[in-house]
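> Residue numbers (my numbering): -15 to 317.
Because the hints were derived from the structure by calculation, they are not lab data. Watch out, some of these pointers could steer you wrong.
As the list claims (entries may be wrong) - Simulated pairs of lysine-lysine, DSS-like, Cα-Cα distance not exceeding 27 Å: (1) K226 x K243; (2) K93 x K115; (3) K93 x K145; (4) K140 x K115; (5) K13 x K145; (6) K13 x K140; (7) K140 x K(-10); (8) K93 x K136; (9) K145 x K115; (10) K93 x K13.
None of the values given here were measured: they were computed from a predicted structure.
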Amino acid sequence: MPPLPKVTVALPVLNEERDIARCLNSIRKQDYPSDLIEVIVADGGSTDHTEEIVRSYGYTFMHNPHRLAEPGLALAYTQASGELFVHMAADNELRETNWLREMVQPFLKNQNIVGAYCRVECNQDDDAFLKYFNSDTDPFSAFVYWSASHPKTFRKQFPVKTSTDAYVVYQFDSRNYPLVAFAQGFIIRRSYPRPPETSHDDILPIVHIIEQGYDLAYVRTVTIGHYVFDGFTHYRRRMLRKVSESFTQANHGFHAREKTMTPVRRWRQYLFLPWALTLIGPSICACSRFIRTGRWYHFYHIPASFLLAGYIVRMALEVRVLRFRKVPTTQYH
């Protein structure tokens, strides 16, 4: 077995004093050689105690003038010295102490593997809404990508290329690509040149990797904890911001990826509104998930879908009004 590679863990942060210590503790507890772990925190201008907490761990702290997460990761990438680059967020937690050791194994065994990802889970004592969200993804993405929206259902859509006890490699299609992002513990070989045009989106790089004929490994033996929401109220604020960014930034989210999508996925983007606003589709989906798993929190899918569809309609109307008045949407954002 080749020697273990040096790993750079990058965290873009902004006012993360609530979560950052838990994240850094999970890195500190890894059974990986400490001299082979480099941690770089790119701060977007925190005004709380984030910097103080990070410096207490002795990790590298750098300022991110762009404030946003993706440019922060790109900045950390230029300063990294590890052979492998780990994308993390302050609301992530490495659940197992052997997380790094398990995640690097595919890279040691297959040179064509340039990226690796794992499943995202929640704690038993988490808020019910957080359990619902981590069981899949946001309602819009789940509707558009369908069985390609979560690793647990990839087998329904993609053939298996390689399978071991620890990880599986699927035969992905760059036009019908999976919803895997440069986030939540995604690891990539630092020798892989990320295209500059993907710097503001965390899914387009995945499409590029697949187009180049490289493989991605889904590591099944370890998990990431994701504390993305405090509850439904937090979800409302975050979804409104995401919808706003999608409408006001041409290189953000679905607008940036639309040309890479299949016609079916493009149509689903527009079909989501009648599907969600009528409540029939989300209700059927929620009942199906409840019958299959017995987890009542899946019924959150109904209000979550309706609310997200409402935000999309609201932003579409507001942007149309701004354009009619000839007000730049960037100014609105």
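> Does each hint hold? Answer for all of them.
Verification of the supplied hints:
1. K226 x K243: Since the Cα atoms of K226 and K243 sit roughly 20 Å apart, the hinted pair holds (cutoff 27 Å).
2. K93 x K115: 34 Å, violated
3. K93 x K145: At roughly 14 Å apart (the allowed maximum being 27 Å), K145 and K93 satisfy the hint.
4. K140 x K115: 23 Å, holds
5. K13 x K145: Since the Cα atoms of K13 and K145 sit roughly 33 Å apart, the hinted pair is violated (cutoff 27 Å).
6. K13 x K140: Not satisfied, since the Cα-Cα distance of roughly 36 Å exceeds 27 Å.
7. K140 x K(-10): Violated, because 35 Å separates the two Cα atoms, which is more than 27 Å.
8. K93 x K136: 23 Å, holds
9. K145 x K115: 31 Å, violated
10. K93 x K13: Holds, at about 25 Å.
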